[in-house]
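Chemist: Add chain G to chain R, keeping to what the hints say.
Protein chains in written order, with this note's numbering: chain R, 0 to 167; chain G, 39 to 786.
What the hints contain is simulated information worked out from the structure, not anything from laboratory work. The reader is advised that the hints may include incorrect statements.
What the hints assert, rightly or not - Below, simulated EDC-like cross-link-like pairs (lysine to aspartate or glutamate); rule was C-alpha separation at most 20 Å, straight line: (1) 73/G x 163/R; (2) 20/R x 708/G; (3) 235/G x 163/R; (4) 724/G x 163/R; (5) 46/G x 110/R; (6) 20/R x 636/G; (7) 237/G x 163/R; (8) 20/R x 691/G; (9) 73/G x 1/R; (10) 20/R x 687/G; (11) 388/G x 163/R.
Claimed, not checked - A few chain R residues that face chain G, going by a derived Cβ cut-off under 10 Å, partial list only: (12) 7; (13) 12; (14) 22; (15) 69; (16) 158; (17) 160.
Using N, Cα and C, we set each Cβ at its ideal position, and we do this for glycine too.
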Amino acid sequence: MENSPTVGPWIRVETVGGERKDTPAGHYPNLRMAFLPRLCMHCTHPPCIEVCPTEAIWKREDGLVLLDEGKCDGCQACVEACPYGAILYSPKTGLVEKCDLCCHRIDLGLEPFCVVCCEGQAIHFGDLDDPTSQVSKLIAAKGAFTLMPEAGTTPSIYYCPPREPRRL
Amino acid sequence: MTRDVETKVRTACPAHCGRDACGILAHVKGGQVVKVEPADFPDPKYRRICLRGLASPEITHHSERLRYPLRRVGKRGEGKFERISWNKALDTIAARFGDIADRYGWRGIGWVLGGPGSGTTKFGAYLRLASLTRSTRVSTWGYGDAALPCGSRILFGTNSPYELLTGWPDPELVIVWGSNPGETFPLARMRQLMDAKEKGSQVVVIDPRFTVTAAKADEYLGVRPGTDAALALGMMHVVFQKGLQDEDFIRRHTVGPFLVRTDNGAFLREKDVHPGGSSDYMVWDNFSSSARVASTSEVKPALTGSYRTNGIEVKPSFQLLIELAEAYPPEKAAEVTGIPAELIAKLAQKMALAQPVSIMIDMGFTRTYYGDLAMRAVGTLATVTGNIRSTPASGHRPVVLNWAPFLHADPSKPSFSRLGVLQLYDAVISGKPFPIKAVWFAFINFLNQCVNSNKIISEVFPSLEFIVVTDLFLTPTARYADIVLPVCSYLEFSDLITGPYPFLQLQQKVIEPLYESKSDVTIATELAQRLGLGDYFNMGEEGFVDRLLASGHPSVEGITVEKLKQGPALTHPPESAGSASEITFSTPSGKIEIYAEELHKFGQALPIYHEPLEAGAGAAGRNYPLTYIQGHSRFRTHSMFANTATLLELNPEPVIDIHPADAERRGISDGDLVTIFNDRGRVTLKAKVTEGIRPGVVNITEGWLFEQFREGGGNALTHDAVNPVQEAIFEPNMAMNDVAVEIVKAGE
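Just chain R, same shape as in the assembly (with noise of 0.2 Å):
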């Protein structure tokens, strides 16, 4: 696995429909269901950088939001603050670890691993402050939202709304 998570992946789906996994809401045949990967929202106000008492936590010139293990004393304050649950505690370790947006690749010019993998193609990766750049433009045309706006935090983390099924 790419990163080497030691309590699990660090990008997880979430099923919007039915309670359990993979199932779907309303009744068969006229059921709904749709899929939402959830990770770290690498958020322009990051909740967990304001309580990390190490700054263990930092946010990059190019919007990462980043943590150092070395800093990192396994509090876990940052786990409590976020309120996505992006953050997991690793027994492990006795440390905290979250999605780091690939920087490893990001920074040799790759994309992140789940975009490459995506089986439907349904992640992309860019520059949200370029107008031009292929994410910017998803997301103006799709009338793209985040999660939890009520919660301040402006994630950088867009996702498109399905597509309305066009009956027959």
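Modeler: This is chain G only, laid out in the frame that chain R set:
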């Protein structure tokens, strides 16, 4: 330090997903494959991977991998083995095979070769051995796949109709029928489907389950398992009623205008009408009001009507199709399939009028007892609406490899005998059509995956004198072996990979075989030496690849192992089809056979609908009112990857999908332990109550291993009924989706 240096090797994953073969870039560090990622192609759209491909290193480095050959010491099934050397193992096998051959002939030894996926020489090596020894090749088409080619051969003259039905660049409508590319073969089609949807195609999915793929549909049709032919006929009824059929296409490319004798169901031939005439087909010429030879120019063939010629009553075969579809108005089709009549009518109309329509089919609806008829009905519907895409090869694969040295290794002698895997049961138990007394299993977890597992344990295995299993793990099948041989994972040997079209790739050895594992080519070579056939196996893996490439066919000109080491090689496209009027099909008539006269004796000249064998309202239905199906999961490829830690983390245990109405009636809540059963066996596992499955249908995704259930296994419930028509056409198929069961809370 050299151990810290990471190297990268480009290879390809053959998995079991046929033409999906993904390019793999393997990262090696300290002799271990530490990571894989999808490898590049000249065209980036081919760069992809799936959950299973990503988990490849976990298989290769699994702690439970078989490390050395084993010989059984306990009773079969106990799993008690002792370690032996390869010499001992292969000497034993050669001796036992020889002994059985003395008493039953070499035909009595069956090579049960499962799915090599896109791999070739690993499979070919065993075929070559089977051919030289003149033993029996047990084909595993019948392991769930055979009904589709049975139907497709009759209709289109090819095993593989996919490109005929799909692949239109900008379809207005895409119908996904019996296929779930979001989770299983053909996975690469999911991107095509999403691209089409993005560009504006309307997507309709037909499936008894609301799958991941169905979740992307604009319209979902929840069909009762085994009734797809009735759905197709219902749609044809609407098309004909509204006169929306593509008559030009039917006249030019099908047997529709050919006259059929109503007295004996055969096509009318010229000699029936003119003494001393030829065997040419005849049509009714509207200009001259007479029967004329079909290939005559300046005739206007009738597609409908009833005529008499030379005292014989005849009808165009298209007329017979119309009469068949008459019996399936939307209301009738709705009653049979469970899909609302209005929806059937709307889809039929849309399919006839939309330009073009892509139909993505796969095996889902053909794994029923009459699956070949379902294939023919769906294919006929596509045909009469003019939605068959002409291809240069009319469905046949354009890349031609040199299989002769593997299928018929010594042209001066006969080659292997052939049986289908579903026919193996009788051959072993009762010696019909001839006795099989020993089997060699490769690329298949037979006991876990094939039908009627209790029968295999109680009747098939005990009737076999000798069982050899080659595998990566001690599977349920391996536990019944007399000798178990440890094979290499794909990261440990080289092979030719036939895909993704239009590419060929080299599966290039990444690390040396671990432990004492050997590649299939090596195993076959070493066994061949003991059988006096060493001279036929003196070329090694790369030698076999070059031999396979040496077909002399323009499609593979200039492609060799050395070239493939540099990266995927583009095969050469065949010459263009020319105009659409030039399609020919490899059928007896050279046309699409919507009417197949050779099946008249079975009452199946037309693609009729039959109620499913068990999964219907018949006798079994009363004691066992639920229909059991086995969809395919994205977390496994059959039973491969069932023991992979990261995938089990995401998908920990088998569950049975059951609709809330069926669950409530039985006092079953979500998460309860339940037992499903019929006369053949029982399975106990947890229930998953979901709206995402048709009421009356229950599903356990196939491939979970016996030990992962509380009791039994997925195939304890399935039957081994042989469809004699499929047997006559090609090979009979295992009908995993045509099974009647009941379910209760466990312990009741």
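Chemist: Could you work out which earlier hints the structure fails to respect and list their numbers in ascending sequence?
Modeler: 1, 4, 6, 15, 16, 17
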